[in-house]
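Novice: So the chains spell out like this:
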Amino acid sequence: MAERQVYMDHSATTAVDRGVLEAMLPFFSEEYGNPNSLHAWGRRARKAVNEAREKVAALIGADASEVIFTGAGSEADNLAIKGSTSLRKDKGRHVITTAIEHHAVMDAFGWLDKQGFDVTVLPVDDKAMVSVADLEKAIRPETILFSMMFANNEVGTIQPVAEAAKVCRDRGVLFHVDGVQAAGHVPFNVRDLGVDMLTMSAHKMYGPKGVGALYLRKGVKVEPIVHGGGQERGLRSGTENTAGIVGFGAAAELAVKRLADGSVDEEARLRDLLIKKVTSSIEEAFLTGHPTRRLPFLASFCIGSLEGESMLLRLDAAGIGASSGSACTSGSLEPSHVLLAMGLAHEVAHGSLRFSLGKDTTEEDIVYVAENLERIVADLRALSPLWKTRG
Amino acid sequence: MYTEKVMELFMNPKNAGRMEDPDGVGEVGNPRCGDIMKIYIKVKDDRIADISFETFGCASAIASSSMVTEMVKGLTLDEALAISNRDVVNALGGLPPQKVHCSLLAEEGIQAAIEDYRAKQKAKAGAAVSKS
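As you go down the protein sequences, you meet chains A and B in turn.
Numbering follows the numbering used here, with no gaps: position 86 of the first sequence is 86.
Numbering follows the numbering used here, with no gaps: position 129 of the second sequence is 129.
It is possible that some hints are incorrect.
[Said to hold, decoys possible] Partial selection, computed: residues in chain B whose CB lies under 8 Å from chain A:
1. Phe10
2. Gly17
3. Asp21
4. Val28
5. Pro31
6. Thr55
7. Ile62
Just so you know, these hints were derived from the structure itself, not from any lab.
Glycine is no exception: its CB is placed at the ideal position from the N, C-alpha and C atoms.
Given the sequences, and given the hints that come with them, work out the whole structure.
Specialist: Structure (structure tokens):
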């Protein structure tokens, strides 16, 4: 075991916060009632679910009635995309998304394409920014939906959500935002933004896995994709995951606190320190994504003449958990679609690395990561034929 | 995902680094696909007297490079050419299916280095003939 264990993959998932776990625990074996039952057990569970809904709604400035709990962020994305288009397909069959979406959105649009919808994919610039002017040009009379992520999970770029929402509103296009990476980490209010639907996931904000939510603005109709007992206003059948939902509520409460008390700003300071250390101490290492409009916890790089998986495994041996968009980490031979959409060459994209900080990351952790990465890069470059002429 | 042998060679590769004045050099792979393997050999009495590699790629590419260089060191050129990627995979205790192409690079890298050596020898012999 390495001298230090530094988990820097909070974009993938976070630990369940101790307080969140404590809030959840009674709902397994003590308060195990079905929230749909009329008896006391059921009523107590229903009360807990309702309270959690209030807390999740409060995080994004929504009304509790506008929050639909699902089994994952991916499910909420699918509900928004499939559920909204299935109700509107008589109005038009043109839908728009972007080139850097998570697979939950990208593949749902792929499914729409197979169903006969016409899909437009907006490009991004070299910083992974979507252009609102491109969106305006892409909208047609028969456009029914635009889906764009709030912030990118690989490079952290925060999109012009409010501006895109205004365009969609003016042109009568429904707007879905995948907010899985941003919710709980970037302050926002769905009313001010003017979005119609927004996806969240508990496990990206110190809540449990297996619970997501869709914000559905009052008046916006979607068709369910899971039919059954009519839970969640008939939009997501299946007995509520009470403990998970309670955990989501507690995580949302924690997020509200962290957004208000400066924790998120401190995280951004540590992120900037890591960016500065890596880009100044390692030759041919550059930041990917937008330099300022980025998630406070995410630092992403491309390291020249190296391949991501080899760096990840050497980092892992040093007790550091990170991730990469290289082909070798994906099981395919193609590097990440996000990095390619940003115009990076394949060989550059293979050298991508992502460090995502968490609420317990310390400055010592940052120093440890930067020092180890510098050493690992030097060791691997000594093996790389692409680095030869400079050695 | 990787066997202990793969991880051991990835963390501490044998015969790694560039070689000065090699008798043959083989370079295979493509940076676009994420791996390039470069094999350097010194040949004495038709045997691989010394060998080293430089590899840009994932852990399995680096471990395959290390393994194949160990396997062919001291072999005659024909014996070295008979080493297949299957032999490399077996010696590594297996590779995940999507990584088997890395072992193919190892086989091809050795072949390319030997071909380069033989082509150079031929050119030298030709030059010697034309001089005389």
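Novice: Hint by hint, say whether it matches the structure.
Specialist: Evaluation of the provided hints:
no. : hint  : verdict
1   : Phe10 : holds, 7 Å
2   : Gly17 : holds, 6 Å
3   : Asp21 : violated, 15 Å
4   : Val28 : violated, 11 Å
5   : Pro31 : holds, 4 Å
6   : Thr55 : holds, 6 Å
7   : Ile62 : holds, 6 Å
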